[in-house]
Amino acid sequence: MPTNVLYLIEVLANGLMAGVMYSLVALGFVLIFKASGIFNYAQGVMALFAALTLAGIMEGQVPFAHMINAVFGTKIHHFGWHVPALAAIAMTVLVMIAFAWAVQRFVFRHLVGQEPIILFMATIGLAYFLEGVGDLMWGSDIKTLALGLPQGGSRWLEDATAGWGGDDFYGFFIDKLDIVATGVAIVLVASLIAFSQYTKHGRAMRAVADDHQAALSVGISLNFIWILVWSLAGFVALVAGIMWGAKSGVQFSLSLIALKALPVLMLGGFTSIPGAIVGGLIIGMGEKLFEYTFGPMIGGATENWFAYVLALIVLVFRPQGLFGEKIIERV
Amino acid sequence: MTLKKLAALALTTTLAAAPAVADLVIPDLSYRTGPYAAGGTPFSDGYQDYFNLLNARDGGIGGEAVRIVECETGYNTEKGVECYESTKGEGALIYQPLSTGITYQLIPKATADQIPLHTMGYGRTSAAKGEVFNWVFNYPANYWDAASVMVNYLLGENGGSLDGKKIALVYHNSAYGKEPIRTLENLSAQHGFKLDLLAVDHPGQEQKSQWLQIRRSRPDYVLMWGWGVMNQVAVQEAANIGFPMENFIGNWWSGAEHDVTPAGAAANGYKSLNMNRINAELPVFADIKKHVHDAGNAAGDGSNIGKVLYTRGMYAAMLAAEGIANAQSIHGVSDITPAQLRDGMESLEITNARMEELGMGGVGPAFSVSCSDHGGNGLGIVQQWNAGEGKWVALTDYITPDDAVTQPLIDEDAAAFAAENNITPGCL
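Note that the protein sequences, when read in sequence, are chains A and B.
Each residue of the first sequence is one higher than the last, beginning at 710 in our numbering.
Each residue of the second sequence is one higher than the last, beginning at 19 in our numbering.
Next comes chain A alone, as it looks inside the complex (with noise of 0.2 angstroms):
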């Protein structure tokens, strides 16, 4: 097979991976949109602040500790621990129901009945309000995430193509930490199409997506929903954190990611979870690809306007993206 062949398939492997690492980061707008319409623009910030608080309670770090020093006049900044990764976990997921719960109670449930772009608008004010309270937490330095997930080019694979187009083929490169993220998207996608098909909640949460009125009708608390759906949202934004904080560090660019969620979500459709999915993957093949192809010839960095290209296409062919609902207005 020509090089240049096996070059291509190697793009389009990794398009597929980065898309994977788009879609999970799109999956928490989609959860939020769909059981509540509200267009969450604080989803970035979400993986931001969850993945800092990992981060922190691993190190043991106080919360706070700027604000408390600078009206105490102490010097605390370490309890003296670290916390292991696990228990880590479970108390930022912890952490991410606090908020979620927060949120409900002190953002939304005063806006019930409000217009979509008032809602909107909320959470505009809530991811700003997120970023500089994970900034009062935290710090804005740079963290590393210790969890020991896997980096780096697969050296099997490398050596089991390599040659395969000649001397001038290195090999199939595929990120290790990459197909880690992909195993985990798949158990996370499963796990929450199991949720919403299989269990009380999930299908309380599918009826208030179908219609507020006909599941408050029935006794389904709202309240309750929103979160559980918020909470879930903080659950994933804190694997997309995780995720993008292991290549970069914690740092507070994670909060751009939601940028690269945005066209995914455009083609995909705002309502579908597989349609975050297939959309990340379309996204990031078709990027990958753009850049590969004719990159060289217009200078370079295509991906970020390409994506957006590609679901605009979708958009005006599609309105309701790929796998959206049908938007029906009846007169």
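Errors might be hidden in some of the hints.
To give an idea of the chain A side of the interface with chain B (calculated C-beta under 8 angstroms), a few residues [stated by the list, open to error]: (1) 720; (2) 721; (3) 722; (4) 851; (5) 861; (6) 863; (7) 879; (8) 953; (9) 962; (10) 980; (11) 1012.
Computed footprint of chain B on chain A, listed as stretches where at least three residues anywhere in the stretch have a Cβ under 8 angstroms from a Cβ of chain B [said to hold, decoys possible]: (12) 813-827; (13) 840-850.
What the hints contain is simulated information worked out from the structure, not anything from laboratory work.
For each residue, glycine too, the CB sits at the ideal point set by N, CA and C.
Given chain A's structure and the hints, the job is docking chain B onto it.
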């Protein structure tokens, strides 16, 4: 309440809220929040701590206290301009925006307002031409010096020839990242190496395509012009594809501790330029700890002291303070104006003896500034990350850039700027 009472109350509040009059106002356009905070925070800590040291230990500069006015830019150009506009009225003497994007916007404004702009190792490279950019200074080194220093280092590593070698430049797709391209293209033609350009979009969280391309094309060396998360991801991706880290060299904005620590042991051997040597045992640090940190006046939490960007921020503050002291000496007044500071900066001379006297011997090279040269001598060292010990190790002494390559480019770009803006080059 009547309108008069309201007006009186507003006036009283305004007067009460007005800052105490201080003589030397230094705005600090910092970024402690947002995606670039990890770089902005230590620089700002060093910048402020040094001025606070001068206030606490020496009673200011020439008997005048320094008042720092901090304004958060978030590394955002629009916010940076807002910060400039909102602080210049306080009697600002000098700006150090730590952003090439903000610098480009401030050059015409600062020139019109006659306030010196110091863009140390960043900003518009051709600002080194003082006859055109009367109010802008970029000493002790600029981007084109950095590109030339990198190539000179590689020439030294390859027996004086790079003929037939392949060098890739991974750069932030912004005004900052594009700065070295022309210089490297000229150097490529001169030394016979092939140059591949690989742009990475802001913020640089995703670089898989670029590093797969590097893996395919197998360059001998990769140079990097990165900032923020782009640096950490690039180091990790280089390690992922198994690129030899000792052949990967970042510029001086890609060589801080936080750029390499997220990759852990995989970052071992990565190299970068530095315009300021680091040495945790500098006497000035002991003074800062004693007079500033222990007194509870640290700009941050005190944890950044001695790090690469903290040292650079402190170095920048020292250069500003020396400019002020020089201006006071020239004009015979302690309460100087921005125009007088400009004179002080334009005749600044930094000697090794003076650096020793200031407790920061060896941090920067000796250099002098003149009307025709606002850029200093452009020296840089190459340092290498030792992941085991968690520290940068200097590999070289100061390396000289090739002025024969950089000066014509500076002259050409400055002449174009002068023509575009109807500037008649000359000294003030």
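Non-conforming hints, listed in increasing numerical order
Numbers 2, 3, 6, 10, 12 - these are the hints that the structure violates, sorted from lowest upward.
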